[in-house]
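Asks: Sequence:
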Amino acid sequence: MIKSSTDFSAGISVAASESDFSTTREIRNLANLNRTWSSCRILNLAKLYTAYKDSDDYNAKPLFEHSALNRALIMKHTLRLDERDLFPNGRRTVTKIILPYDSYDLRLGGRSLFVRQTGYETLMRSYLGIEDIGKNRDARVLRCLDDLPSLDPFLLREHLDKAGFNPSGVYFQISPHDLRSMTAFTAREIEKLVNVAFGGGKDGKGATKLGNKILSDKLTQTLAPLQRTLRMSDEEFQEGIMCWRGFLYYKWCHAELQDGLRDVLAGIGGYRPSGGHDDSLRTYLKKARPRIAKAIVAEIREARASLDHYDKVYHALSARRDPEPFRQFLLFGSELFLELGLKIGTLNHITSFWRYRMARVNRKGAKPLQDIEFADILVDFESGLFNAMKKDEMRQRA
Numbered sequence: 245m246i247k248s249s250t251d252f253s254a255g256i257s258v259a260a261s262e263s264d265f266s267t268t269r270e271i272r273n274l275a276n277l278n279r280t281w282s283s284c285r286i287l288n289l290a291k292l293y294t295a296y297k298d299s300d301d302y303n304a305k306p307l308f309e310h311s312a313l314n315r316a317l318i319m320k321h322t323l324r325l326d327e328r329d330l331f332p333n334g335r336r337t338v339t340k341i342i343l344p345y346d347s348y349d350l351r352l353g354g355r356s357l358f359v360r361q362t363g364y365e366t367l368m369r370s371y372l373g374i375e376d377i378g379k380n381r382d383a384r385v386l387r388c389l390d391d392l393p394s395l396d397p398f399l400l401r402e403h404l405d406k407a408g409f410n411p412s413g414v415y416f417q418i419s420p421h422d423l424r425s426m427t428a429f430t431a432r433e434i435e436k437l438v439n440v441a442f443g444g445g446k447d448g449k450g451a452t453k454l455g456n457k458i459l460s461d462k463l464t465q466t467l468a469p470l471q472r473t474l475r476m477s478d479e480e481f482q483e484g485i486m487c488w489r490g491f492l493y494y495k496w497c498h499a500e501l502q503d504g505l506r507d508v509l510a511g512i513g514g515y516r517p518s519g520g521h522d523d524s525l526r527t528y529l530k531k532a533r534p535r536i537a538k539a540i541v542a543e544i545r546e547a548r549a550s551l552d553h554y555d556k557v558y559h560a561l562s563a564r565r566d567p568e569p570f571r572q573f574l575l576f577g578s579e580l581f582l583e584l585g586l587k588i589g590t591l592n593h594i595t596s597f598w599r600y601r602m603a604r605v606n607r608k609g610a611k612p613l614q615d616i617e618f619a620d621i622l623v624d625f626e627s628g629l630f631n632a633m634k635k636d637e638m639r640q641r642a
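Per the numbering used here, the very first residue in the sequence shown carries number 245; after that it's consecutive.
Keep in mind that a hint or two might mislead.
[Claimed, not checked] Simulated DEER-style distance windows between Cβ atoms:
1) S477 x K457: 16 to 22 Å
2) T362 x S425: 38 to 44 Å
3) T362 x A542: 30 to 36 Å
4) L325 x A499: 31 to 37 Å
[To be verified] Capping the alpha-carbon separation at 27 Å, the derived lysine-lysine pairs in DSS-like fashion look like this:
5) K453 x K530
6) K457 x K436
7) K457 x K305
8) K340 x K457
If you are wondering where the hints come from, they were derived from the structure by calculation, not from laboratory data. Glycine residues also receive a C-beta, built at the ideal position from the N, C-alpha and C atoms.
Construct the entire structure; sequences and hints are all you get.
Replies: What follows is the structure in structure tokens.
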């Protein structure tokens, strides 16, 4: 045990010297994750371990069987220039695994690798003792995570379920930050439903309370009138509420993304990088700008179409008092749910990456992006959009 502050600092220095996170900034960024719950881009299993290590359900149904993996940080990561040779196939966004030395103190650093990078099998054997990544259960779970554009809890749960994995529900909770942001949105969404399933006389507080019950992971007798209205068994109702929670989450995400997507589309069309002396780059930018903007708009419209279908069946329940379309939607809408999650994940990556890259450029006195830097952003967007379209085609053929 490190007792004194001097020994503590020395301990950090020793661990950092052996860590993959060699700079002060990298270690500081990693330490900041001590306070971060999971999000669309980060699955913070270290945080979940410290919060739920004594939970029977968590211990009985782990996401990963290997204890180090089940305390790792899994992240969607856009490759830097000096990392791209690890993926000869040209991938830009990959899945990063961080294995911290101490789940309680990420300042001590850790080791990292990317799923499916060059030398992946050797690293899995060296770091985790996994000999056959083709047959190993944890390696298969990692491939599932790597196939997704986002690590949002609903997309993650649905994709893992289809692959035959059923870990504890603690891995699929909405982050506290998102829950706070969603509360008012959800109350507005379900206000009409309160009168249908629970009778008249409920005020806005009633809708807020019901919304909180739907967003929570624990179903209570409070929702029994809704279960009776939908004529669902206990198991059907539990799965149905999870599906509904997911659609509410994606509808909220879709609304939250709109300002960012407008910024992206305006920037793709109007941003003028410096340089412009390379003919091949000029040609690429000229053709890529409208092509990428068109693909983004198509993703937005298709996501909106899925949400319109949800709105239609929900309107039948809340306005026409006909629960059957909504009941059928909750029971059999998993394919639409997965498709919507993939599209929201792709759009979320585009907006967050654009915001990250342009933040430095928009600072006072900052230099504009070089044409090759701007082209690099567009290539990343095209890669994500192409993968999304390819998965759409594969699902349609299946």
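Asks: Against each hint, give a clear statement of whether it holds in the structure.
Replies: Hint check results:
Between S477 and K457 the CB atoms are about 19 Å apart, so this pair conforms to the stated range of 16 to 22 Å. Separation of T362 from S425 is about 39 Å and conforms to the stated range, judged on CB atoms against 38 to 44 Å. About 33 Å separates the C-beta atoms of T362 and A542, a value consistent with the hinted range of 30 to 36 Å. The supplied range of 31 to 37 Å is met by L325 and A499, whose beta-carbon atoms lie about 35 Å from each other.
For the suggested pair K453 and K530, the alpha carbons sit about 52 Å apart, so the restraint of at most 27 Å is broken. In summary, the hint linking K457 to K436 is supported, as the alpha carbons are separated by about 16 Å, within the 27 Å threshold. This hinted pair checks out: K457 and K305 have alpha carbons roughly 24 Å apart, not beyond 27 Å. Between K340 and K457 the CA atoms are separated by roughly 34 Å; this puts the pair beyond 27 Å, and the hint is violated.
Violation of the numbered hints given earlier is confined to hints 5, 8; the remaining hints are satisfied by the structure.
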